[in-house]
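Engineer: Just so you know, the protein sequences line up as chains A and B, in that order. Residue numbers for the first sequence follow the working numbering, so the first one is 1 and each next one is one higher. Residue numbers for the second sequence follow the working numbering, so the first one is 1001 and each next one is one higher.
Keep in mind the hints are simulated off the structure, nothing from the lab. All the pointers check out, no bait thrown in.
Okay, derived cross-link-like pairs now, DSBU-like style, lysine-lysine, Cα gap no bigger than 30 Å in a straight line:
#1 B:K1014 / A:K42
#2 B:K1009 / A:K101
#3 A:K101 / A:K68
#4 A:K42 / A:K101
#5 A:K1 / A:K68
#6 A:K42 / B:K1009
Here's a subset of chain B near chain A, in silico, CB distances under 10 Å, partners left out:
#7 K1009
#8 Y1035
#9 L1104
Virtual Cβ for every residue (Gly too), placed ideally from N, Cα, C.
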Amino acid sequence: KQEVTQIPAALSVPEGENLVLNCSFTDSAIYNLQWFRQDPGKGLTSLLLIQSSQREQTSGRLNASLDKSSGRSTLYIAASQPGDSATYLCAVREGYTGFQKLVFGTGTRLLVSP
Amino acid sequence: NAGVTQTPKFQVLKTGQSMTLQCAQDMNHEYMSWYRQDPGMGLRLIHYSVGAGITDQGEVPNGYNVSRSTTEDFPLRLLSAAPSQTSVYFCASSYSRYSGANVLTFGAGSRLTVL
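Next comes chain A alone, as it looks inside the complex (with noise of 0.2 Å):
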C-alpha cells in the first residue's frame, strides 16, 4: 500500500529565508505527483504537478523535483514571504489509465513571519 510521508510537519521561518519541503513516497510506480497548498478553512490549491517522466517543474518561486527511483519529492519557495504561510500537501497519482486515485501526505504547516 502506498504512504507518502512529509517531513518537517511544521516549519517556521522569517521572511526572506529559502526553504525546502520535503514529500517521500513508499511505491515508485507513480503516474504523477502534485504538490497542493491549504489555507485554514479552505479547500486545496494545485501548485505544481510533475509527471512521472519530469524532473522537476517551476512556477515563479516555487521548484519542485521529482526523483521516482528513490521516492521523494522536494518543494523548493524561494524568498518566502508571510503571504506563502500554509500547509502544504503533496499527492501522489496511482494508477497509469482510467481513475486517477491520489494518496495525500499528512502536510507540512509553514510559517513565515514578517
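Fit chain B to the given chain A structure using the hints.
Structural biologist: Relative to chain A, chain B alone:
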C-alpha cells in the same frame, strides 16, 4: 465564479441522523470525488465518479452513499451518522480522467460534527 461549490460549510448532527453534503461544479468536469480530512492523516478518498451514472468506492466508503445523475452534481449521503464521521469533507473535480496533466479543483470543504 466557476469552480466547485460545497454546501453546507458547517453541520452538526446527532448520532443516527442522516444528511446530504452537496457538491456542484460548473466546469463540465467529467471526474468528481469526495475526500475526508482528519487530523494527523492525509486526505482519504471516499467515493468517486468518472461520469454521469458511474460511481465507485474509494479507500473509506463505509457509511457513505453517492449518486451522479448529472454531470454537475455529486452529492454525498450519510444514512446514519456516527461520531467517527466527524471530519472535514472535500469535493474535487477534474476535466478528464484520461488526461495525464489533469489537476484537481477542490471545493472549500464542509466541516461535519457528529455528536
